[in-house]
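Using the hints provided, position chain B relative to the given structure of chain A.
Number of protein chains: 2
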Amino acid sequence: MKQGSVGIVETKNHKINRKIKLESGKKFGPINISYETYGNLNEEKTNAILICHPLTADAHAAGYHPGDTKPGWWDNMIGPGKTFDTEKYYIICSNVLGGCKGTTGPPSTNPETGKPYGTDFPVVTIKDMVKVQKKLTENLGIKKLLAVAGGSLGGMQALQWTVTYPNKVKYCIPIATTAKSSPQQIAFNEVGRRAIMSDPNWNNGNYYNKKPPKNGLALARMVGHITYLSDESMKKKFGRKLRNKKEFTYDFDINFEVESYLKYKGKTFVERFDANSYLYLTRAVDYFDLTNGENELTNAFKNVKTKFLVIAITSDWLYPPYQSKEIVRALEANDIEVSYSELRSTYGHDAFLLEPGQMKHLITSFLRKITVNDVMEETTPIINKKTSIKQASKTMMKNNSTHLPVITQNGKIAGIITAWDIAKAVSEDLKELEDVMTNNVVTANPNESIRSVINKIKKHNISALPVVDKKQKVIGTISSDVISQLITKDTPTPETDNQTNL
Amino acid sequence: MKQGSVGIVETKNHKINRKIKLESGKKFGPINISYETYGNLNEEKTNAILICHPLTADAHAAGYHPGDTKPGWWDNMIGPGKTFDTEKYYIICSNVLGGCKGTTGPPSTNPETGKPYGTDFPVVTIKDMVKVQKKLTENLGIKKLLAVAGGSLGGMQALQWTVTYPNKVKYCIPIATTAKSSPQQIAFNEVGRRAIMSDPNWNNGNYYNKKPPKNGLALARMVGHITYLSDESMKKKFGRKLRNKKEFTYDFDINFEVESYLKYKGKTFVERFDANSYLYLTRAVDYFDLTNGENELTNAFKNVKTKFLVIAITSDWLYPPYQSKEIVRALEANDIEVSYSELRSTYGHDAFLLEPGQMKHLITSFLRKITVNDVMEETTPIINKKTSIKQASKTMMKNNSTHLPVITQNGKIAGIITAWDIAKAVSEDLKELEDVMTNNVVTANPNESIRSVINKIKKHNISALPVVDKKQKVIGTISSDVISQLITKDTPTPETDNQTNL
Numbered sequence: 001m002k003q004g005s006v007g008i009v010e011t012k013n014h015k016i017n018r019k020i021k022l023e024s025g026k027k028f029g030p031i032n033i034s035y036e037t038y039g040n041l042n043e044e045k046t047n048a049i050l051i052c053h054p055l056t057a058d059a060h061a062a063g064y065h066p067g068d069t070k071p072g073w074w075d076n077m078i079g080p081g082k083t084f085d086t087e088k089y090y091i092i093c094s095n096v097l098g099g100c101k102g103t104t105g106p107p108s109t110n111p112e113t114g115k116p117y118g119t120d121f122p123v124v125t126i127k128d129m130v131k132v133q134k135k136l137t138e139n140l141g142i143k144k145l146l147a148v149a150g151g152s153l154g155g156m157q158a159l160q161w162t163v164t165y166p167n168k169v170k171y172c173i174p175i176a177t178t179a180k181s182s183p184q185q186i187a188f189n190e191v192g193r194r195a196i197m198s199d200p201n202w203n204n205g206n207y208y209n210k211k212p213p214k215n216g217l218a219l220a221r222m223v224g225h226i227t228y229l230s231d232e233s234m235k236k237k238f239g240r241k242l243r244n245k246k247e248f249t250y251d252f253d254i255n256f257e258v259e260s261y262l263k264y265k266g267k268t269f270v271e272r273f274d275a276n277s278y279l280y281l282t283r284a285v286d287y288f289d290l291t292n293g294e295n296e297l298t299n300a301f302k303n304v305k306t307k308f309l310v311i312a313i314t315s316d317w318l319y320p321p322y323q324s325k326e327i328v329r330a331l332e333a334n335d336i337e338v339s340y341s342e343l344r345s346t347y348g349h350d351a352f353l354l355e356p357g358q359m360k361h362l363i364t365s366f367l368r369k370i371t372v373n374d375v376m377e378e379t380t381p382i383i384n385k386k387t388s389i390k391q392a393s394k395t396m397m398k399n400n401s402t403h404l405p406v407i408t409q410n411g412k413i414a415g416i417i418t419a420w421d422i423a424k425a426v427s428e429d430l431k432e433l434e435d436v437m438t439n440n441v442v443t444a445n446p447n448e449s450i451r452s453v454i455n456k457i458k459k460h461n462i463s464a465l466p467v468v469d470k471k472q473k474v475i476g477t478i479s480s481d482v483i484s485q486l487i488t489k490d491t492p493t494p495e496t497d498n499q500t501n502l
Numbered sequence: 001m002k003q004g005s006v007g008i009v010e011t012k013n014h015k016i017n018r019k020i021k022l023e024s025g026k027k028f029g030p031i032n033i034s035y036e037t038y039g040n041l042n043e044e045k046t047n048a049i050l051i052c053h054p055l056t057a058d059a060h061a062a063g064y065h066p067g068d069t070k071p072g073w074w075d076n077m078i079g080p081g082k083t084f085d086t087e088k089y090y091i092i093c094s095n096v097l098g099g100c101k102g103t104t105g106p107p108s109t110n111p112e113t114g115k116p117y118g119t120d121f122p123v124v125t126i127k128d129m130v131k132v133q134k135k136l137t138e139n140l141g142i143k144k145l146l147a148v149a150g151g152s153l154g155g156m157q158a159l160q161w162t163v164t165y166p167n168k169v170k171y172c173i174p175i176a177t178t179a180k181s182s183p184q185q186i187a188f189n190e191v192g193r194r195a196i197m198s199d200p201n202w203n204n205g206n207y208y209n210k211k212p213p214k215n216g217l218a219l220a221r222m223v224g225h226i227t228y229l230s231d232e233s234m235k236k237k238f239g240r241k242l243r244n245k246k247e248f249t250y251d252f253d254i255n256f257e258v259e260s261y262l263k264y265k266g267k268t269f270v271e272r273f274d275a276n277s278y279l280y281l282t283r284a285v286d287y288f289d290l291t292n293g294e295n296e297l298t299n300a301f302k303n304v305k306t307k308f309l310v311i312a313i314t315s316d317w318l319y320p321p322y323q324s325k326e327i328v329r330a331l332e333a334n335d336i337e338v339s340y341s342e343l344r345s346t347y348g349h350d351a352f353l354l355e356p357g358q359m360k361h362l363i364t365s366f367l368r369k370i371t372v373n374d375v376m377e378e379t380t381p382i383i384n385k386k387t388s389i390k391q392a393s394k395t396m397m398k399n400n401s402t403h404l405p406v407i408t409q410n411g412k413i414a415g416i417i418t419a420w421d422i423a424k425a426v427s428e429d430l431k432e433l434e435d436v437m438t439n440n441v442v443t444a445n446p447n448e449s450i451r452s453v454i455n456k457i458k459k460h461n462i463s464a465l466p467v468v469d470k471k472q473k474v475i476g477t478i479s480s481d482v483i484s485q486l487i488t489k490d491t492p493t494p495e496t497d498n499q500t501n502l
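Residue numbers (the UniProt record's numbering), protein chains in the order written: chain A, 1 to 502; chain B, 1 to 502.
Isolated chain A, as found in the complex (with noise of 0.2 Å):
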């Protein structure tokens, strides 16, 4: 299968005029939010997936900038025949907000002073992000998402879409995340904090036209690189060996390899980031919980509707396995349906970037267990099967639909009616609706697999069919085109052991 790429992308724009209210209390306004999309939404706008990026990321996740050597950052994941597969899906990732890409931040202007917020930049949560996300897809048209996936600090905004919009994601997929940040998470982003803070140069956030605080923030990054690797992967990586020299120089240059890359990690950092977002971010970070402090992560998700995998990473030891199956617990005591599985890897936390292959794996398995329900046109026009023949068309024409189910007095399936019937009718003079509609009608049911659905199709050659309740009621319809698109074209891959349901 082509695994390709989505080429040149753009970075796109969405004002909130508007102050929403932040957690903290705090009203916030107005808010820009940059985003990207990849792939196109389907008519019915039930392919869309939120990608939530993780700390130091941002909109450009797939595709090339013009003039670009280097794609987004989860260009591996994203694209044709990848694991969220534009072909079939409207992927959508925007910078956060509090971030330094685009979204209203720090370093944004505040339209009040016409400088810089800094630190006047209001504290903002996890929850507050994925408001503003949530204002993004509702002006992308997007009532219900498919799914909302990330890792990391994404993995805690796609939970708290689930917790916060109960009725608005189908689909959760948080990788390599916790339900609330342990003491060891907050203690490690207190010493970048504490780190930034120290440098001269951050002069109370007040460094814009000044020189930045590069020796802080290159601090706070080095630490960070640390924990998102393994002991493991470091030793291969680096081992012992030495930078450039056949034998130590017994001062406090460069001397080994490790030492190096750190340099270089927090150097380029700089280059790329803002030092205020990178406490602004972190502080969301600490502040997450979606226990509210209450230490019972299962109440929680008592209004969770939404189906879950949660992705762990055997090495990871910022974010280890066993706070992925505290979710994993919480959930399935709500009786919510949820996958855990283990990527293994020896990469650590960065695994979630890193290992494309078993993350396909682990993910289209998941996705493919998307149902009728989950991509069905709710509001699909439903006419009586006593509407006459013109009410009908024009019925037909507002909402410029090929088939209209038709439905008897106490609402359930009657038939369809197309277009082609509509015709027929003209042509042989016929008033009655009942005289002209398909009366055997073939239908879908609402937990039925698409793969069923598509067979259906194809056997029948049509292009769309009412979706009905068990006791017969209309309840949507789904078409061809909706069902093409999300039909895996690969053989499915069987399920391995390291998919296991807790």
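By construction, these hints were calculated from the structure, which means they are not laboratory data. It is possible that some hints are incorrect.
[Stated by the list, open to error] The list that follows gives simulated cross-link-like pairs (lysine to aspartate or glutamate, EDC-like), each with its CA atoms no further than 16 Å apart: (1) Lys26(A) with Asp251(B); (2) Lys263(A) with Asp253(A); (3) Lys26(B) with Asp75(A); (4) Lys26(B) with Asp251(A).
Same frame as chain A, but now just chain B:
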């Protein structure tokens, strides 16, 4: 059994006036060594145990300095009736070379300039630290240490002793340590160093009459502290508890208990430690590699003659148990006697400072295996049975010894002669040794347990035994003084299942 304090102690100093050659090739001196001792060195000088301190500790391992309310850093392990029982052993602890607690280091005055060395201090290694300790033990008249023990950096020193001076250490107890620093360990050290060196007050190490780089050093300590604790212990200790508040303050001030703890630890550390010393000591840790870059640990131990107890801590992720097991395997490959124990604790790396109960059990079980060979006097004066009474009495006077083993022409034990026997010869006017010596002498063998020897001493009411090998050749003597001091007075504890021989 009484577990007492060694009481009021004082730090002593030994000065090495001649320069020593460092591993880097540089010559350096003079060197002052600060050290403390607890307990009494026996006459044979066979009961000395050297305690090597971890990164930021000092020579003050036990007891109290006048006026202090807090005891030395390993007081829960050293004292009458404690693990390192000062009623049996003579405990020595010295501050490491490059430190800032009395032994010559970066803050010491360079006699050539009259100013502190700062970064003119040469980069030293663990091997250099051990070389200096060796000079101290020589000065104390100790030819062979009964044991050398230490955790973390202290464990590295202990290991290095056995490699550099294979005939000078009988028992080695490396705890929570490694045979070579891993890239992850180097990385954390490097972050600490960069934090210090990025602090403008560091000023290339010249800050002794100015403001010291407190922010940088505090940051280094904060990072260090996280690595000394475990995820689990941090959860138990702090959880997500807020510090003196009920709600988030939505800012970058201290919100969480864990932040307050780190801040406090950083703040108190800078009051007691020198930033340059931190650079030097962490660099020594980085450079530590018993394989000398050859990656084959087995070769490193090929001349070692010490017996080992290697202790790892289950929850230590900075020096994980696998690193201790590597040491054990390499020792075993050289047929060196080694026991391996895992201290079961959730405290993380710091557990060696916090679990005196388990430590006592593990270490006393090990030290109880001390044999006659470990503590006998090897340089015993021996006389031939053809020696005259007069000559025998002269030898006795010269060596200040009341017992002399008597041997045959071919070196085998023939008897023992005491001052009492000499007096008898004088009174009866006997000229030949054979006329007065005891022929039916009670002997000990070198591999005999101390407990067995004390039984002989009690049974025969004697004060010293010749130690003979399998061929009945005299190889030393052992006195009741030494033995009664070493014998454990409490009931022997059975070894439990957490002490395993790998």
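Each hint tested on the structure:
no. : hint                     : verdict
1   : Lys26(A) with Asp251(B)  : holds (13 Å)
2   : Lys263(A) with Asp253(A) : holds (11 Å)
3   : Lys26(B) with Asp75(A)   : violated (52 Å)
4   : Lys26(B) with Asp251(A)  : holds (13 Å)
Hint 3 from the earlier list is the only one contradicted by this structure; the remaining hints agree with it.
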